[in-house]
Amino acid sequence: MTAETPPDRRVVVDSLGVGVATGAYGVSFGAVATASGLDVWQACALSLLVFTGASQFAFVGVVAAGGAPLTGSLTALLLGSRNLFYGATMAPRLEVRGWRRLVTAHLVIDESTAMGLGQDDSRQSRLAFRLTGWSIFVLWNLMTLAGAVAGSRLGDPRTFGLDAAVGAAFLALLWPRLTAWPQRLVALVGAAAATGLVPWTAAGVPVIGGGAVAVVVGLVLARRGVAIEEPS
Amino acid sequence: MSTTWVAILVAAIGCYVLKYVGLSVPQRLLEHPVAERVAALIPVALLAALVAVQVLATGHELTLDARAVALAAAVGLLLLRAPFLVVVFGAAAVAALVRLIG
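First to last, the protein sequences are chains S and P.
Residue 1394 is where the first sequence starts when you use our numbering, and the numbers rise one by one after that.
Residue 92 is where the second sequence starts when you use our numbering, and the numbers rise one by one after that.
No wet-lab data here; the hints were simulated from the structure.
In this text, all values refer to a predicted model and were calculated from it rather than measured experimentally.
Ideal Cβ placement from N, Cα and C applies to all residues, glycine included.
Worth double-checking, as some hints may not be accurate.
Just the calculated beta-carbon pair ranges, DEER-fashion [said to hold, decoys possible]:
1) P:Val97 <-> S:Gly1511: 37 to 43 Å
2) S:Arg1546 <-> P:Leu153: 29 to 35 Å
3) S:Val1405 <-> P:Ile104: 31 to 37 Å
4) P:Leu171 <-> S:Arg1551: 47 to 53 Å
5) S:Trp1527 <-> P:Leu153: 42 to 48 Å
6) P:Thr149 <-> S:Leu1442: 52 to 58 Å
7) P:Ala163 <-> S:Gly1459: 20 to 26 Å
8) S:Trp1574 <-> P:Pro117: 49 to 55 Å
9) P:Ala163 <-> S:Asp1432: 28 to 34 Å
10) P:Glu127 <-> S:Ala1585: 32 to 38 Å
Chain P regions said to be covered by chain S (calculated; three or more residues, Cβ under 8 Å) [what the hints assert, rightly or not]:
11) 98 to 112
12) 139 to 146
13) 166 to 174
Short derived list, chain S residues pointing at chain P, Cβ under 7 Å [said to hold, decoys possible]:
14) Ser1421
15) Ala1481
16) Leu1555
17) Phe1563
18) Pro1569
19) Thr1572
20) Ala1573
21) Trp1574
22) Pro1575
23) Gln1576
24) Pro1592
25) Val1613
26) Ala1615
Construct all of the structure, not just a fragment, from the sequences and the given hints.
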């Protein structure tokens, strides 16, 4: 170990701070997972093996709504597709090969990528990415176990409003992404289309169908936006 | 093995492959503007759809109940910049309270 220079200490403190704050809400995932009908092992397997928060919440959300579990997988994969782009963005900074890449890949999530991209040089970028990723991984899994055990012992989750907590969790994940009006409009279209599909389609379909409609609307908006910006 | 376990493993393998491929393919392959736009839109679109279904659907019926009140409380907490855990468990507490009263 080389002596730490002050900028490194800042990276360490910031990364662990994000790690603790994010890992802690694993407890809410564990609780809503068991409230949605999964057992403690299934909740823990999702955190250990899927390890990307929004996808995990989506999986239990679809299962809780009575959707086929594989529809839950599909929704989780669609949400997980952003990690593909995170990975591609981080790859030049991480420069990992072989077995290291196999391990590192599991840590590619929202927060580790954000912390990794926020640094000045690639050495600090790697440090921030790894510290954030590992601290979230450890804490997220421990807190999932705690939340799942607590949730499974509470009895009827409806009495404690845990079914309502799932919607709040999705909203809290969505909130930071609603920074401008096109995103807000896309979100409204997605919510409206999904709601409209509920009476007519199998459980799980409204989410994917509503999401697809909203993505198409977003693309149309973007195309118009580009056309407006083009100098005539 | 139950369908739920199969679905968990499918989600796990799929999500891992997405992460691994991202680290492995040359970045320019993913730099198509439409692909980037779709990738940015998917979380917004899907999360919004999930919120709506989670709060309004009861099977195939649309209902306004304690969950809607809880969501309104969540909006309020988010506007107040409350942390994630406060939003989630605050909403749960509101739903529980509404049911207790109602």
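Tell me, which hint numbers fail for this structure? Hints 4, 6, 8, 10, 18, 19, 20, 21, 22, 25 not satisfied by this model.
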